[in-house]
Structures are given as structure tokens and as C-alpha cells.
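**Q** Please take these sequences and the hints and turn them into a complete structure.
Protein chains: 2
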Amino acid sequence: MERFTRQRQAIREVMAELDRPLSPAEVLEAARRKVPSLGIATVYRTLKGLVEEGSAVAVELPGQAPRYELSGKRHHHHFHCTHCGKVFELEGCPGDFSFMLPQGFQAERHEIVLYGRCTECGV
Amino acid sequence: MERFTRQRQAIREVMAELDRPLSPAEVLEAARRKVPSLGIATVYRTLKGLVEEGSAVAVELPGQAPRYELSGKRHHHHFHCTHCGKVFELEGCPGDFSFMLPQGFQAERHEIVLYGRCTECGV
DNA sequence: AGTATACTGAGAAATCAGTATCGCTTGTCA
DNA sequence: TGACAAGCGATACTGATTTCTCAGTATACT
Numbered sequence: 001m002e003r004f005t006r007q008r009q010a011i012r013e014v015m016a017e018l019d020r021p022l023s024p025a026e027v028l029e030a031a032r033r034k035v036p037s038l039g040i041a042t043v044y045r046t047l048k049g050l051v052e053e054g055s056a057v058a059v060e061l062p063g064q065a066p067r068y069e070l071s072g073k074r075h076h077h078h079f080h081c082t083h084c085g086k087v088f089e090l091e092g093c094p095g096d097f098s099f100m101l102p103q104g105f106q107a108e109r110h111e112i113v114l115y116g117r118c119t120e121c122g123v
Numbered sequence: 001m002e003r004f005t006r007q008r009q010a011i012r013e014v015m016a017e018l019d020r021p022l023s024p025a026e027v028l029e030a031a032r033r034k035v036p037s038l039g040i041a042t043v044y045r046t047l048k049g050l051v052e053e054g055s056a057v058a059v060e061l062p063g064q065a066p067r068y069e070l071s072g073k074r075h076h077h078h079f080h081c082t083h084c085g086k087v088f089e090l091e092g093c094p095g096d097f098s099f100m101l102p103q104g105f106q107a108e109r110h111e112i113v114l115y116g117r118c119t120e121c122g123v
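Here the protein sequences line up with chains A and B, keeping their order. By our numbering, the letter at position 75 of the first sequence is numbered 75, and the numbering carries on one by one without gaps. By our numbering, the letter at position 101 of the second sequence is numbered 101, and the numbering carries on one by one without gaps.
For the record, the hints were derived by calculation from the structure and aren't laboratory data. Be aware that a few hints might be false.
No copy is singled out in the list; a pair is fine if it fits within one copy or between any two copies.
List of simulated lysine to aspartate or glutamate pairs, EDC-like, C-alpha gap at most 20 angstroms [said to hold, decoys possible]: (1) K73 x E17; (2) K34 x D19; (3) K86 x E60; (4) K86 x E108.
Model, not experiment: these values are computed from the prediction.
**A** Here it is as C-alpha cells:
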């Protein structure tokens, strides 16, 4: 991640503009509108580099390959639209799950995923 | 899933006895104590059959291959021990996440995963 | 007990996300 | 501007998981 290339710029822009966790394939599709020749290998390379330098984080959802979002956001969770497949960020968090823990278990972190219809796919 | 075989019995027993979501590899290891010749293909075939007939359900956690647990339990969530890697069932649920939904989004279901140390791995 | 056939185990093959390779391109810096 | 190396795109490869294949085995039914 030393040089400033059209490809990397396009990928960063796409992630900032769409502002939701994107799969490598989604990044490829969106960034190709800016750099049509873009290859999937460059997307993977760049995402990996962004994560290594701390600019992006991987978002893992059950049964799904990792998606990526820009880092620096505060604690949040995700919504997975069961119709269009897009993942969105959610604000807020119930916060305390310790009442669910059996004796002797210690929780360090948690993940919440809501599933349903996003605005565009609403019935 | 028509015949009653030692292999299938062993797999069902293991799932009932351990009573937590098990990966195919975990099922294989545990069931081989009952039927040492058991092969991984039979584990996959049997798990698939159990899911199809409704006796088991797949449990998907972020970044993990599916695990399987017997069905018929009431609404619950899971705890993933970051030390030993085992997954446990948790009772209870905060229930209402609608306050997290943006305008126009509709939630149908949710998943919660807690990460930390289980009793055996506690510090 | 005899028989049809569902089931099994081992290994090959399929799947698929992600990575490595390599010749060509392009950003950076003197 | 020239040169060097980082970066690119295409594609072959990898590794992990799951499914398929097939010859031999075991179950269920008569």
C-alpha cells in the first residue's frame, strides 16, 4: 500500500460512498464503474491492505464470506436484507447480555445480526 | 433416512448427549467412540438427512462452517468460546431490537452470538 | 434364512473463497 | 524524462469443506 493508484482510490471511494459492509464482489462491481478494467485480485489485495493498515475491518456474518467496511465507526451491528442480500449498519445496542451467561462463562464481546427487509425491499 | 443403522444411532446419540452445536468433525470424533469405523461421508450424509427430516438444524456462526444441533428447542442463542472453540447454547434473549431499525426496515428474526471464555477455559 | 436394496467407508471430485504467479503497466523520485 | 520497482489483471493454484462414486456390507421384509 505504498503507491497511490486509480484502482485503490476507486476502491476507497466506493467503500466511503456506499457506507455499508461490502463483499469483494460488490466492491468489484461498484469500483468498475470508475475503473472498468479492475480485476478481482486487486480488490482482494487492496482490501487486505486496508485491513492491515487499519483503514478497514472485516465484517463476518453467519454463513457468509467476509464483507468489509471502513473502520473508525463506533460500536454498531448489522442488518442483512433477506431479499436483496445487502448488509446495512445499525445504530444502537441493547448493551448488556450478561444475564444470558451460564455460571462461569465470561463474555468479551458480542455480535447481533437482524434479518428482514430493507427499505427498498419492503413489502 | 429409511433404515436404522449403528452409524446413525451413534450420531444421534452424540448430538443428544453433548447437547451443543457440533461441527461435522466434532460429530465424527465423538461418534467414533461408539462406531470406530465411522467415515466422514456418513456424518455429512446423516446430518443432511437429519436436517431434511427436521430433526436437526444448522447453526451458522460468523466465519465458521455450519454446526448442527437437534431441533425442537425454544428460541435461544449461542456462545462461542474463543479459547477452546466450542459453541454452547444460551437461554434468554433481550427480545426487542426494533429500536435499532432505521425507518422502513422490517426485522423478521435475529441472531446473537456472545464470545468469551467458557467455564472450563475461564481465567 | 434369503433377498432386494439402502447404507457405508474410502478416496476422488466438486466447490469456492482467497492467494500466488507472471508479464505488462504505471507511479514515484532523481 | 528515465528508470526502477510497486502495482495491475488474468488465470492457475491452494486449502478447506462438502459431495459423489462405487464396491462391499448390513438392514428390513418375506
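**Q** Evaluate K86 and E108 at a C-alpha cut-off of 20 angstroms and name the case that applies: within, between, both or neither.
**A** between (28 angstroms within a copy, 15 angstroms between copies)
**Q** For K73 and E17, with the copy left unspecified, which applies at a CA distance of at most 20 angstroms: within, between, both, or neither?
**A** Classified as within; 14 angstroms inside a copy, 42 angstroms across copies.
**Q** Within a copy, between copies, both or neither: where do K86 and E60 come within 20 angstroms Cα-Cα?
**A** Result: close both inside a copy and across copies, 13 angstroms intra and 18 angstroms inter.
**Q** How would you label the pair K34, D19 (within, between, both, or neither) given a Cα cut-off of 20 angstroms?
**A** within (17 angstroms within a copy, 51 angstroms between copies)
In summary, this structure violates none of the numbered hints.
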